[in-house]
Amino acid sequence: MVRKSKIGVILLSLIIFSFILGGCKQDKPTLYVYNWGDYIDESILEEFEKEAGIKVIYDTFATNEDMYVKIKSGGSSYDVIFPSDYMLTRMIEEEMLEKIDLDKIPNYKYLDNRFMGNDYDPNNEYSLPYMWGTMGILYNTTMVNEVVDSWDILWDPKYAKEILMLDSQRDSIGAALLKLGYSLNTLDSRELAEAGELLKKQKPLVLAYVVDEGKDKMVAGEAALALTWSGEAAYACEENADLAYAIPKESTNIWFDVMAIPKGAKNKEGALKFMDFLNRPEISLRNAEYTGYATPNSAAKAMLPEEVRNDPSLYPEEEDLVNAEVFVNLGKTLKEYDRIWTEVKAH
Amino acid sequence: MKKSSSMIPYLIWMALFIIIPMLLVVYYAFTVKTPEGITWSLDNFARFFEPIYLKVLWRSLALALGSTLICLLLGYPVAMIMAGNAFTRKNVVMLLFVIPMWMNFLLRTYAWLAILERNGFLNVLLTSLGLPRLNILYTNTAVVLGMVYNFLPFMVLPIYSVLSKIDKGVIEAAGDLGANPVQVFTRVIFPLSLPGVISGITMVFMPALTTFVISRLLGGGQFTLIGNLIEQQFLVVADWGFGSAISMVMIIFILLSMAIMSFFEGEDKEKTLW
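Respectively, the protein sequence lines represent chains A and B.
Take any residue in the first sequence, note its place counting from 1, add 9, and you have its number in our numbering.
Take any residue in the second sequence, note its place counting from 1, add 1, and you have its number in our numbering.
Treat the hints with caution; some may be incorrect.
[Stated by the list, open to error] A few chain B residues facing chain A, derived, Cβ under 8 angstroms: (1) PHE50; (2) LYS56; (3) LEU135; (4) THR142; (5) GLN223.
[Claimed, not checked] Below, in silico cross-link-like pairs of lysine to any residue (SDA-like), each with a Cα-Cα straight-line distance of 20 angstroms or less: (6) A:LYS344 x B:LEU43; (7) A:LYS79 x B:LEU123; (8) A:LYS341 x B:ILE21; (9) A:LYS167 x A:PRO213; (10) A:LYS341 x B:SER6; (11) A:LYS341 x B:ILE39; (12) A:LYS344 x B:ILE53; (13) A:LYS81 x B:ILE53.
No wet-lab data here; the hints were simulated from the structure.
Glycine included, each C-beta is placed from N, C-alpha and C at the ideal position.
Using the sequences provided together with the hints, build the complete structure.
Quick look at the structure:
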């Protein structure tokens with residue numbers, strides 16, 4: 010779930026860096042926050058600073074893997090981080106996270122129950138959801154004249170060289186697995202091999218395997234169909250009215266970006282306070298409006314404009330998502346995914 | 002005594018940033034994690050010699066060699082023109098070569114996306130001239146183009162540096178002794194410029210062989226190169242052992258190419274580059 014071009018991230022970190030240099034020494038406690046690029050309404054940070062008397066140092070990353078490597082290698086001292094579901098599981102398994110004390114986050118009661126206690130963190134011991142979404146197909150209605158409701162369309166020769174896939178093993182292999190009717194998290198090597206064959210067959214139809222540049226390509230009308238995450242799609246649809254997003258009927262991936270505290274955080278109290286602050290309905294609402302992503306905070310959702318709240322691509326009905334799966338950490342089998350992905354790309 | 006103590010900071014520097022990291026790479030490459038603990042093994046290397054990974058290696062080598070050759074063919078004449086007497090605006094051209102390098106490499110590669118895409122700059126220009134469109138983005142051509150564009154200065158500058166130091170008297174003497182311009186070039190100028198050529202080839206070939214950004218952005222991720230494979234192992238799969246093994250194979254290739262280079266270079270050692 011890469012939100013912004015790397016350039017944006019570089020610029021932002023430069024600005025942040027200059028802030029660090031510019032800020033003089035203060036006795037105020039400091040909170041180090043590590044989030045995705047462009048994933049928060051930054052005026053909220055100032056408000057928190059004023060209210061809590063805590064100085065916030067805000068830093069951003071572009072991929073889960075970048076964040077993981079930085080935390081894992083040590084040396085950084087973040088208090089709050091925002092990993093995605095499967096990365097959270099991996100960090101829990103590697104004992105990289107502190108447990109959170111829900112008593113200190115009373116506002117968690119506003120979080121919709123269906124987003125609590127998911128497989129990636131069954132008892133919410135380590136995390137609270139921040140944003141959520143689905144994986145689906147972003148398409149250009151001027152180029153696609155049929156109903157988009159199945160993964161099959163990504164294999165339709167009619168759209169040769171008009172299809173963008175994600176340069177991300179879990180997501181692209183996931184789409185193939187879902188088309189075949191298998192689980193996104195399959196450990197069965199026969200099913201995986203089948204998905205690999207399917208992706209090889211699809212390769213001549215694919216224009217490119219992209220990550221962050223995908224949504225801009227779609228906005229510019231460079232391709233007809235793209236495998237995308239719902240948040241990216243919301244942004245793209247806003248930029249170009251010809252675009253639409255569909256969640257295929259077979260099933261989809263439901264993903265979460267969560268808030269967690271890395272081991273060794275120096276300001277744990279401040280981190281809990283910050284998490285509570287972000288869960289206030291009006292604050293959560295502002296973040297949802299700013300980022301365009303779906304909030305798991307039901308009180309905030311209720312305050313959103315009706316056309317956003319009822320947009321089935323952004324807030325799909327619960328019954329449409331009964332089959333939807335969350336990515337789980339695959340452990341050793343991840344290597345097999347990697348091999349298949351390398352085979353597809355070297356094909 | 003004095004001499005050796007003044008070397009200590011450099012030795013510490015080298016140990017910290019060159020030797021220890023290298024040893025770590027070797028350690029990861031030759032070990033595998035098993036339930037019983039970490040054991041020495043050649044598994045990581047054995048895995049690399051499977052057909053799919055060899056295919057990736059072969060493709061990387063072919064693309065890198067192609068780009069290097071194109072850089073040489075384009076760069077040598079430019080360096081010669083710049084070093085020639087007839088040319089008075091050397092500094093301007095030099096600046097034109099160097100200024101783009103001040104900009105972020107990623108930014109420059111992104112710019113090519115906007116130029117080459119279907120409704121991009123190039124195609125708008127072509128259609129307005131009544132010419133057919135060119136769809137080269139996300140092909141091998143685009144990857145080679147990106148490499149040549151990014152690495153050309155590394156070919157031109159060393160060659161220029163050597164050419165401009167050649168004693169003009171030597172060239173004049175060759176002419177006086179009856180050599181025609183072609184002979185002057187093949188028998189005098191080119192052999193004398195070899196150190197620059199070799200340095201240029203190494204400086205282009207190595208980054209071209211290991212790049213992963215160009216192949217991802219301009220190749221649309223369809224052309225996994227060795228650099229992408231290594232990146233993938235460290236960032237996505239967290240298989241540091243296999244990643245290190247590929248890196249070591251890469252180091253061997255680079256050492257090999259350097260050995261070949263120094264073999265050619267051996268003929269006139271006294272020519273220094275800079």
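We went through each hint and held it up to the structure:
Violation of the interface hint for PHE50 (chain B) is found here, the shortest Cβ-Cβ separation to chain A being roughly 14 angstroms, above the 8 angstroms cut-off. Because the closest C-beta pair between LYS56 (chain B) and chain A is about 5 angstroms apart, less than 8 angstroms, the hint holds. Interface hint at LEU135 (chain B): violated, since its Cβ lies 14 angstroms from the closest Cβ of chain A, which is beyond the 8 angstroms cut-off. Below 8 angstroms, beta-carbon pairs count as interface contacts, and THR142 (chain B) has none with chain A, the closest being about 14 angstroms; its hint is therefore violated.
Because the beta carbon of GLN223 (chain B) sits about 6 angstroms from the nearest beta carbon in chain A, less than 8 angstroms, this interface hint is met. A distance of roughly 17 angstroms separates the Cα atoms of LYS344 (chain A) and LEU43 (chain B); the hinted pair therefore holds under the 20 angstroms criterion. For a cut-off of 20 angstroms, the pair hint linking LYS79 (chain A) to LEU123 (chain B) is broken: about 39 angstroms separates their Cα positions. The suggested pairing of LYS341 (chain A) with ILE21 (chain B) is violated, with an alpha-carbon distance near 28 angstroms, which exceeds 20 angstroms.
Taking the CA atoms of LYS167 (chain A) and PRO213 (chain A), the gap is near 12 angstroms; set against the 20 angstroms cutoff, the hint holds. A C-alpha spacing of about 50 angstroms is found between LYS341 (chain A) and SER6 (chain B), which places the hinted pair above 20 angstroms, so the restraint is violated. With a CA separation close to 16 angstroms, the supplied pair LYS341 (chain A) and ILE39 (chain B) stays within the 20 angstroms bound. The hinted pair formed by LYS344 (chain A) and ILE53 (chain B) meets the criterion: a straight-line CA distance of about 14 angstroms does not exceed 20 angstroms.
Of the pairs offered as hints, the one joining LYS81 (chain A) and ILE53 (chain B) is violated, with about 30 angstroms between alpha carbons and a cut-off of 20 angstroms exceeded.
Violated hints for the displayed structure, listed by number in ascending order: 1, 3, 4, 7, 8, 10 and 13.
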